[in-house]
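Make the full structure from the sequences, and use the hints.
Protein chains in written order, with my numbering: chain H, 269 to 529; chain D, 269 to 529; chain R, 269 to 529.
Hints in this document: simulated from the structure, not taken from any laboratory. Given the structure is predicted, the values throughout are model-derived calculations rather than measurements. Accuracy of the hints is not assured; some may be wrong.
Anything over 12 Å on all C-beta distances counts as not near chain D; from chain H, calculated [as the list claims (entries may be wrong)]:
no.	residue
1	T307
2	G331
3	H333
4	Y500
Residues from chain R shown here face chain H by an in silico Cβ test under 7 Å; the list is partial [stated by the list, open to error]:
no.	residue
5	Y295
6	T307
7	A328
8	T332
9	H333
10	N334
11	S335
12	F336
13	V338
14	A341
15	M344
16	F361
17	S365
18	G442
C-beta: ideal position from N, C-alpha, C; glycine also.
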Amino acid sequence: CSLPAYAQQVDETSLSAADTITNFSAYKRSLSFAGVLQTRYVASLTRHVDVNGKHYDPAADKGTHNSFLVKRARIMVKANINDHFSANILANFADFSGNPANKVLENAFIKYSLNKHFNVQAGQFRPFMGIEDIMPVDIIRTVDFSNQYYAFGKNGWQSFQVGLSVFGDINAQGNVRYYAGVYNGNNRNESTDDDDTKNLYARIEASPVNDLTVGVNAGTGSLGRSAIGNAYGIDASTRISLSRKWKLLLMGEYKSGTNFI
Amino acid sequence: CSLPAYAQQVDETSLSAADTITNFSAYKRSLSFAGVLQTRYVASLTRHVDVNGKHYDPAADKGTHNSFLVKRARIMVKANINDHFSANILANFADFSGNPANKVLENAFIKYSLNKHFNVQAGQFRPFMGIEDIMPVDIIRTVDFSNQYYAFGKNGWQSFQVGLSVFGDINAQGNVRYYAGVYNGNNRNESTDDDDTKNLYARIEASPVNDLTVGVNAGTGSLGRSAIGNAYGIDASTRISLSRKWKLLLMGEYKSGTNFI
Amino acid sequence: CSLPAYAQQVDETSLSAADTITNFSAYKRSLSFAGVLQTRYVASLTRHVDVNGKHYDPAADKGTHNSFLVKRARIMVKANINDHFSANILANFADFSGNPANKVLENAFIKYSLNKHFNVQAGQFRPFMGIEDIMPVDIIRTVDFSNQYYAFGKNGWQSFQVGLSVFGDINAQGNVRYYAGVYNGNNRNESTDDDDTKNLYARIEASPVNDLTVGVNAGTGSLGRSAIGNAYGIDASTRISLSRKWKLLLMGEYKSGTNFI
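This is the structure:
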């Protein structure tokens with residue numbers, strides 16, 4: 269009775285043929301799927317304010333005060349091509365609620381990881397500019413992003429951008445990390461950049477003690493043919509254990525940037 | 269020689285550690301894929317009637333009398349999160365044959381099953397309003413839906429809607445079933461509901477003898493800012509065994525509803 | 269200790285129950301995923317020529333001379349339904365960089381393989397018309413298609429079309445192959461054909477010696493209500509081994525066709 273790959277006793281002391289990688293290009297190849305499905309019921313309890321939080325003129329319009337919504341219907345495919353390269357495609361099918369041009373496709377990037385100190389990521393993804401872009405897209409910590417995040421997104425500073433980033437740990441313990449990159453800075457799914465100026469950014473993040481992380485960001489960029497601007501921000505996150513299985517996460521950010529619109 | 273999970277002999281009489289579920293949130297987790305690909309050749313054999321069944325003026329237009337078509341190219345992802353929760357996303361890529369706004373995404377719902385008597389489903393899906401919405405979307409029993417189904421769909425009574433439904437078996441044998449729910453009633457992939465009135469519906473289904481099912485539906489609702497209307501219907505299905513591997517399925521429905529358009 | 273399907277010793281000399289296929293409709297059923305992610309940085313080094321290779325008037329426009337781009341973000345699902353039937357759906361999410369109508373869905377076809385001499389493929393796919401459509405879509409041999417390919421594609425001769433093809437080996441060795449078919453000839457994701465005339469084509473391909481393939485194509489067709497036209501082409505490919513792991517692939521094609529636009 270023999271069961272290859274499960275029950276064999278590996279000789280740890282010698283270099284047997286079975287221990288040698290014969291095809292490096294497919295080593296650690298795998299495919300994984302993830303998704304986020306966010307469906308909700310929204311009601312406005314304020315007179316003359318609709319479900320989107322907007323005032324309306326009751327003489328001209330009746331407004332919608334409650335609605336069922338599909339906010340996000342995301343499917344993510346992550347392919348580990350080998351132990352160094354991976355590819356990631358993320359699509360949000362809830363974007364078909366309006367004109368899907370320049371929408372739907374969120375992530376489309378290839379990542380190369382040399383080691384924990386040096387990773388390169390190229391394609392369309394959220395550059396690591398500010399606290400809300402550090403978290404993976406398939407984790408939802410808050411019901412919605414902050415208003416400032418949407419404002420920075422409209423200006424091409426944040427959210428999904430087409431470009432290139434490098435990032436990794438600075439020290440051996442991994443509690444000081446860097447992120448830097450360059451991107452078009454006119455948001456996702458554009459046929460080309462709208463100008464020659466690229467956005468440049470850098471971020472330094474440190475966790476001096478457990479459960480506390482502080483970060484500093486800075487960037488320059490433009491949107492369309494408007495003048496060049498800049499943006500910067502500082503942020504802090506802390507996690508407080510209330511009990512063994514109950515934790516409080518606090519995140520704060522101060523940010524300032526040129527408004528191109 | 270040992271093979272965990274395959275060849276072990278489980279002690280059925282005692283509560284061993286191996287029989288205890290240690291992580292309820294991932295118990296019975298699985299991912300499955302399904303699809304429907306419907307491609308066809310359509311020809312009109314009637315003079316001055318085109319492939320869509322529409323008359324045209326031969327003086328003004330020449331009409332198209334035959335065509336290859338991709339009618340449906342659906343991919344469905346179903347995720348069983350644990351033994352109670354599942355998520356379902358279905359997209360129809362054949363909808364790119366025209367403007368895909370408010371199309372493409374068909375299912376996007378989360379289902380909670382307490383037991384066979386109580387299930388809740390929330391998000392975008394076809395509410396169980398009438399005989400043609402009871403069947404899963406990945407089963408095609410007829411070449412096309414009935415004309416009345418498309419008419420009820422345009423009015424927001426049927427087809428994919430955003431809302432919430434509860435359903436289950438009424439009795440222990442499971443031959444009497446209920447379905448009820450609430451939905452926006454202005455079709456799929458809308459950014460919000462177009463009014464405050466929601467559609468309400470209920471359906472009772474019974475199989476008094478084998479191979480016979482009868483159902484009764486009723487609902488109220490609206491489309492846009494128009495007046496509130498209602499819809500009701502009765503239906504019956506029967507399956508007749510012609511031989512051991514050859515069966516005839518007959519389905520009939522009478523339905524009436526307010527036409528908002 | 270027993271391990272079904274892995275470690276059993278099959279009796280090769282008798283027809284045991286385990287060797288008999290009990291469910292032909294699911295025999296050799298499988299699902300596979302593939303993808304192409306092509307992300308790039310394009311710069312124009314020529315004055316007054318933008319990233320798309322187009323001249324612009326410097327008095328009226330400033331032009332974009334460099335840009336990060338997501339050119340292709342393709343996901344392919346291939347389902348082998350049994351040992352004869354397979355289905356293929358391919359979507360390119362990079363098409364959301366503009367209006368996605370009549371885009372995004374690339375492949376949507378069902379293939380029936382009787383044997384290596386006879387295969388039928390129906391739905392939307394690239395008919396085997398010319399050298400650049402013979403290669404599978406998930407293999408990129410060149411950074412881009414040739415200009416003539418895009419010109420033939422605009423006229424409905426090549427690229428993704430809705431129709432039907434038959435193909436296979438002519439002789440037992442498989443070094444002479446045929447392809448023939450019929451398709452709408454007005455490109456992909458149309459709601460119907462735009463006229464009654466279908467495109468017809470045939471291709472003969474032969475490999476007289478190893479590493480050399482020659483092919484001949486011919487077709488007739490139309491686009492819209494324009495007059496009927498025709499297209500033909502000859503092509504040759506050769507592979508020269510420079511060293512054991514380094515090969516040079518040369519491909520050449522002469523093609524002529526009616527320009528309907």
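Structure-inconsistent hints, enumerated in ascending order: 1, 2, 3, 5, 7, 15 and 18
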